Amino acid sequence: MTDRSSTNTGKFDPITLEVLWTRLISIVDEAAAALVRTSFSTVVRESHDFSCVITDASGRSLVQATDSIPSFIGTLPRTIQHFLNEIPADKLEPGDILATNDIWQGTGHLPDISVGKPLFVDGKLVGFAGSTAHAPDIGGKIRSPEPREVFEEGLQIPIMKIIRAGEPDEGFFNILRKNVRAPDEVVGDLWAQITALELMEDRVGTLMREYKIFDLADLATEIQARTEQAMRAAIRDLPDGTYSNQVKTDGLGVPLELKVKLTIDGDEVHADYEGSSPQVDRAINCAYCYTYAMTAYAVKCAAAPDLPNNDGAIAPIKVDVPDGSIINPRWPASGGSRALTGHFVPTLVYGALAQVVPERVTAGTGSPLWSITQSGVREDGRSFASLFFFNGGMGATNLKDGEHCLSWPSNISSTPTEVIEQLAPMRIHRRVFRPDSGGAGRHRGGLGQEVVIENLSKTPTAVSFLAERTKEPAPGIVGGADGATGEVLIDGEAVDPKRQYVIDPGTIVTLRTPGGGGYGDPAERDGAAAEKDVVQGLVGGARDAAEQPARAIPASGAGGGALSRPRPGDVEHGGDRQQADQEDHLAVVRPQRLEPEVRRAQPNNKQQ
Amino acid sequence: MAGTHALGIDIGGTFTDIIIFDQSTGAVHKAKELTTHDDPARGVITGVHNALNGVVPPTEIYRTVHATTLFTNALIERKGAVTGLITTEGFRDALEIGRERKYELYDVHIAKPTPLAPRNLRLEAPERMDPNGMALKPLDEAKLLESVGALAEDGVESLAVVFLHAYANPAHERAAVAAIQAKFPDISLSASHEVAPEIREYERTSTTVINAYFKPLAEGYIDRLATEIGGLGVEAPFFMMLSNGGLTHVDEAKRTPVQLLESGPAAGALVGAYFGGLAGEANILAFDMGGTTAKLALVEDGEPHVTYSFEAAREKRFIEGSGLPVNISTIELIEIGAGGGSIAHVDALGLLKVGPESSGSQPGPACYGQGGTDVTVTDADLLLGYLNADYFAGGSMQIDLDAAQSAAQALADDLGLSATDVAWGIHDVVNENMASAARVHIAEQGKDPRDFTLLATGGAGPVHAFYVARKLGLKRIMCPVAAGVASALGLLIAPARVDRVTTVASRLDAMDWPALEEKFAALEEESAGVVTETGLDASTAEITRLADMRYVGQGFELVVPLPPGPYDAASESALLGAFEEAYKRSFSRLPPDVTAEIINIRVSVRAQVPGPGLTFQAGGGGAAEPKATRKVYFPENGDYVETPVYDRAALPAGEGLSGPAIVEESESTLVVGPNSTIRVDEGGNIIVDLLEASE
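From first to last, the protein sequence lines stand for chains R and L. The numbering of the first sequence is the working numbering, which starts it at 1 and goes up by one. The numbering of the second sequence is the working numbering, which starts it at 1001 and goes up by one.
These are calculated hints, taken from the structure and not from any lab test. Be aware that a few hints might be false.
[Stated by the list, open to error] Derived DSSO-like pairs (lysine-lysine); straight-line CA-CA distance at most 30 Å: (1) L:Lys-1519 with L:Lys-1137; (2) L:Lys-1316 with R:Lys-532; (3) L:Lys-1079 with R:Lys-532; (4) R:Lys-178 with R:Lys-161; (5) L:Lys-1447 with R:Lys-212; (6) L:Lys-1471 with R:Lys-11; (7) L:Lys-1316 with L:Lys-1079; (8) R:Lys-400 with R:Lys-248; (9) L:Lys-1584 with R:Lys-178; (10) L:Lys-1143 with R:Lys-532; (11) R:Lys-212 with R:Lys-124; (12) L:Lys-1631 with R:Lys-212; (13) L:Lys-1475 with L:Lys-1519; (14) L:Lys-1137 with R:Lys-458; (15) R:Lys-212 with L:Lys-1475; (16) L:Lys-1475 with L:Lys-1584; (17) L:Lys-1471 with R:Lys-212; (18) R:Lys-141 with R:Lys-161; (19) R:Lys-471 with R:Lys-400; (20) R:Lys-400 with L:Lys-1079; (21) R:Lys-259 with R:Lys-471.
Here the structure is a predicted model, which means the values were calculated and not measured.
Between the sequences and the hints, there should be enough to build the whole structure, so can you do that?
Have a look at this one:
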C-alpha cells in the first residue's frame, strides 16, 4: 500500500478541507438515512446491518456513513476495488450499477449484497458510491453453520453489472427473485441500496460543481494522507515489539485455535495469523476480507478511536493469513456463519495489545453475536422464517465495568420481545440478565442474558443458532476472571448449537449468552461497587448453581454459573451423546432423538 | 373572557421569561428573571409582578400558559423521585437490556445510559398477555403486593407498572394499579397503557419510568405555581404547554408529566410556524442559534413536524442512541453543538474544527474580556464585522476586540493562515456543521431542502442565517420581530392539543374493521374529554386520524394522516391510498406488490383557544437610511467592504434594500451578504431573498 504520510497536495487549506470533508460525510449519512427509510427488512431497518461509502476512482475509501457496522467499513472499499479489477474503468459507463455477494470479494457471506456505482464528471471516472446491506434472504439452506460448501448457502452473484447504463438486467432480477424466499423484500432492499447510490451520485456532483472540483483525486489524497499521518502518529505511541496471543473458539466438537503475532514497528502494525486452525467444511470459515476488517477495527479502537474512517486509517495495518486457514479459507469454503469465528479476531488482537497497553482495550467480550433462526410452515400453509439476535456482555476496561448485553464487535440491535411475539410463532418466557455471568475483576465484565423461548408453531419447526463461547469463555485481562460461557438448551438439555434441530410445538429453547471478562485483580474491586453488585443481584444471584460441581452437560436448565467451565479434553457436547472425533462430528448431522422430525422437516427447507 | 391580555411563562435553565401580550394594542410587556431553582415559583412571581408593573391589572389577563425545561433538567441531573418498576415476571431487565446497540463504534469505554429505576427497585409480578391481548396467565395480586411492599420498604416514592402486551390489553395493568392504590395510597403510580400504549417494551418501559420519575415533582410544582399566580389576582385559567406544541389543563399535565419534557423548545418552533404562516410561507426551516447549541425544526404546510419518539438526557449529548427513549408526541428538533460560544481548535489531522465544546458564560468568548483565550464563533463574528463591538447586546456589554484578535491570531499561527482567514473559516465551518445536520435531517424526511424558507431566531441565528441558507441552496430567509423572546411568544399562540395512541398490529387485508372503528372512536372520545376539561368546546375541535403504517416485512412505520372516519370494510382502499401517497411522498417510489399493515393508530385533537390573533406591525415609519457604515468581511468580495448598517426598529415596511447590509437590533444582528434583496413585510418580519450568486 502506498505510504502517503508525506504527501500533501497543498491544494486545500485546513478550512476548505474541513468544510468539504464534513459535506462528504453528510452525503453518505444522507444516503444511509435514505437506505434505512426505504429498505424492507428488519435486518437493515432495526438491526442497521449496512454501510454506505464514497471512494476515489481507484476504490480507496474517502468517507463512510457514521451508521455503519465495523465489518462493512473494512470490506466495502475492498469490494469496490474488486469491481475495478473485474470490470476495468474503460468498461464502465454512467448509469452502471455493479453488484456482488461473493464471499471472498464481498463480506465473507452470501446474504450481504454489495453494490457500487461509478461516478462520472464530464465523462471521466472520479469515484464510486458503494453500499453493502444484509439481504433478508439469499436462498440456500436456512442460515446455520451446517453448509459444507458455499454452493449450499444460496445464490452467488458474480461481479456483474445488474444495471447497465441505466437499464436493469431483467435476467439478473428474475434469477434473484427465483432463488430467494422473500423476493419482494430482497428486491425491495436492493432498490433501496440503488436509491442510496443515486443520491450519493447526485450530491457529489452538486458539491463538485459548487466548489469547482473536477476530480476527486486531490481531495482524496489530502483526506487519506492526513488521516494516515494521524494514524501512524497514533501507532508510534504504542510500544514497539511483537506480542503473541491465542484464543480458542468452541469450534466443532474440538476447539478451533486462532493465533496472532502482532508486531508494532514504528508507525506500522503487522498482524500475522500463522498457526491458526485450518479451514473446515462447515460455514464458520471467515474470509480474509472479514479477518482484515476485524483486525483493522480492533487496532483503530485501541490506537485512534476518534479518527475518521477512510483508506488512510487502514493503510498502516498489514494482515497476513496463510491460505487455507479458518480465517482465510480457499474456495469453495462455506462462510455463512463467519461471525462465529471472525468476531474472535478483535478479542485476539486486544489480548496481544493488553500485554503492553491494557488501558486501551477491553477484556474479552461475550460475543460473537447470538441468534436464533426459526423456519417452518404456519397452519394456514404460509411459510415463515425469522431471525432474531441476542448479545452477551462486554469486557471490562481499566476505567469501568463492562456493559451488559451489548453488541460487539458488530453493532446489531436486538428485536423487542413484543415484536418477536407478533412476528413469529414464539413465546418468550424470560429475558433477563444472567447473574454471575460477568467475569470478576477490579472492573467486572458485563452480564449476558437468559432468553427462554417456547415454540408455538403447531407444525414442526426448524431452528438453528449462531452461538459461540459455550465452552471457551471470554477471557479476563490484567488478572480479571473469565466471563461465564454461554449455553443453548432444548427442553432443558444442553445441545450443540452448531446444528439445526427440528422441534415440536411446546418445545422450550433456552439461550444463555456469555458474559464479558473482568479487568484487574478482583481483590482490588471498590467495596461500594461490589456491594452494589450484590444489592442489584448482578453477583451472588446464582451462587447455589455455581457451587455445584462444574459439569459440561447440565442435567437441567438450572446448571451453569460463572464457574461452570469445561475441563480440558472434554469433547462431549450437548444433546449429541456420541463421543466424536472431529471427522465423525462433521459428518454427523443431527442428534438421534430428533431424527424423525428431521425427516419431516425436509420439505420445509425447500419452501419458497 | 374578561381581559385582553395573555400571559406566557417560560422557565429555562438560566432565565425565566415572562411575556404579557395585549391583544387589543399589540403591546408587549416583558420581564426576565434568573430562574430560582430551589423554588421556581418564586422567580415566576417576581417576573409576573415586574411585567405587570402596576400598568396591567391582573384581572385583564384572560389566559396563562406555562412551559418549562425544569423536567428536562431534573432528568439530566437525576433529581427525580425514587422510582421503582413492576414488570411481567421474567422481564424486569427489559429496561436495562435495551436495544443492545452501541451508539459509538470505537469507544471501548462506552456507557449505556443508567436506568432511572435501578435493578434492585425493579421487581416482577406473575401475569401474562399474548400479542392479541388474550390473557395467558391471570395477575397474581398477592405476589404483586408482596413485590410492591418490598419496594415501599426500600423507599420507592413512585412506581411504573409495565406488563408485556399491555398496549393490546391493559386489564392486568389496570388491576395492578387498583390493587396497589388500595394498599399503598402514598405511592405515585404510572401505568404503561396510560403513558405510552405502543408496542416495543423497551421504549414503552423507558417512557413510563421517566413519567414515574417526574410525577411526584410535577404534582407538587404545578399546583403550587397555579396557586401562587392566582394569589397575584390573576383569575385566568392556567394551562401547560406540551412537547407537541399544544396546551393542556393542569390535571392532564400532572397525570402524564413526561409530555412536558420538551415544552420550552416546542414553543419556539410554534413561533416559527406562526410567523411563517403570517408571511405566507408554508414550509419553514426554523433555525434557532444561541450560545451553546443550535436547534432546527421543520415546518411543513404551516405545521411543525411532530415526531412520536425522541431521546432524553443523552449520555453523549449530540450522539443519537445514547439517551433514554421517550415515546410521546413532540415537535421534532435537531440539536447541534454549534453556538456563539463554540470553541474553534485544530484537531489531530490539522483541520479547523468548531465545537461542540463551548466556552459557556464563564469565561465566555475571548472578546468578553473575562480571561477566555479560546477563539469562539462570537469572536470570529466580531472580527468579521458582523457584530458591533460598540453595540453588543444592545450596547449593554463591554467588548474586548483586542482579546478576540489575539485569540484568532494564535490559532491562525498554528494553521499558517491569516487571522481573517481563520475568522471566516470559523464562521464557515460552524455553518457547514449546521447545514450538514439540516441536510441529513431533511433527507430522513425524504424532503428537498430547497423547498424551505429559513426562519432565523436566537442571538446568533440571524448572524449565521445567510451563509447557512447559501449552503443549503435556500432562496429566502425570514427574521421575525422579537426574535429574542420568540419562545415565550409561542405560548400565546398555541392551540389546545391532545394526542392519543394505541396499537392495532393488523394487516389491512385482514383488518377487523368494526374493532378498528371502535378503537378510533374510543381515542377520539377520550381526547375530546381532555379538550372539554381544558374549558374549550370540543365540538369545534379539529380531529385528525393517523396510523403508523408499513408494508408487511418492514421494520419501521410511517405516520400517515388518514381520511376522516367512521371506517368500515369499504375503507380499506382509502386507507391504503393514504399510505401509498405518504410513502411516495417520502420515498418517491412504491415497492413491488406487498401488503400494508397498521401497527399503531393515533388521534390528534386540536382546538384553537378563542381570542384575537397575535399580530405585530412594522416598527419604524422613517426612511430606510443606514445609521452608520462599517467594514464587514464577505467571502464573495474576499475582503472587508464598507457596508451600510441599519437600525431594525427604524426600518419601514415594504422598503426594498439590497445586500450586503447589516441590520441591528438589541437582541441580535442580521447579516446579509451580496446578491440579495431585503424588505420588511407588513407583520414586521425582515425578508431576505437570495439571488443566484453571480460569478
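Hints, verified against the model:
1. L:Lys-1519 with L:Lys-1137: holds, 25 Å
2. L:Lys-1316 with R:Lys-532: holds, 25 Å
3. L:Lys-1079 with R:Lys-532: holds, 20 Å
4. R:Lys-178 with R:Lys-161: With Cα atoms ~19 Å apart, Lys-178 of chain R and Lys-161 of chain R stay inside 30 Å; holds.
5. L:Lys-1447 with R:Lys-212: Roughly 26 Å between the alpha carbons, so the hint for Lys-1447 of chain L and Lys-212 of chain R holds.
6. L:Lys-1471 with R:Lys-11: Roughly 21 Å between the alpha carbons, so the hint for Lys-1471 of chain L and Lys-11 of chain R holds.
7. L:Lys-1316 with L:Lys-1079: holds, 19 Å
8. R:Lys-400 with R:Lys-248: holds, 26 Å
9. L:Lys-1584 with R:Lys-178: holds, 27 Å
10. L:Lys-1143 with R:Lys-532: holds, 25 Å
11. R:Lys-212 with R:Lys-124: With Cα atoms ~15 Å apart, Lys-212 of chain R and Lys-124 of chain R stay inside 30 Å; holds.
12. L:Lys-1631 with R:Lys-212: holds, 29 Å
13. L:Lys-1475 with L:Lys-1519: violated, 45 Å
14. L:Lys-1137 with R:Lys-458: holds, 20 Å
15. R:Lys-212 with L:Lys-1475: With a Cα-Cα distance of about 21 Å, the restraint between Lys-212 of chain R and Lys-1475 of chain L holds, given a limit of 30 Å.
16. L:Lys-1475 with L:Lys-1584: With Cα atoms ~25 Å apart, Lys-1475 of chain L and Lys-1584 of chain L stay inside 30 Å; holds.
17. L:Lys-1471 with R:Lys-212: The given pair, whose Cα atoms are some 15 Å apart, holds under the 30 Å limit.
18. R:Lys-141 with R:Lys-161: Measuring from Cα to Cα gives roughly 26 Å; hence the hint holds.
19. R:Lys-471 with R:Lys-400: holds, 26 Å
20. R:Lys-400 with L:Lys-1079: Given pair Lys-400 of chain R, Lys-1079 of chain L holds - Cα atoms ~24 Å apart, limit 30 Å.
21. R:Lys-259 with R:Lys-471: Holds, because 18 Å separates the two Cα atoms, which is no more than 30 Å.
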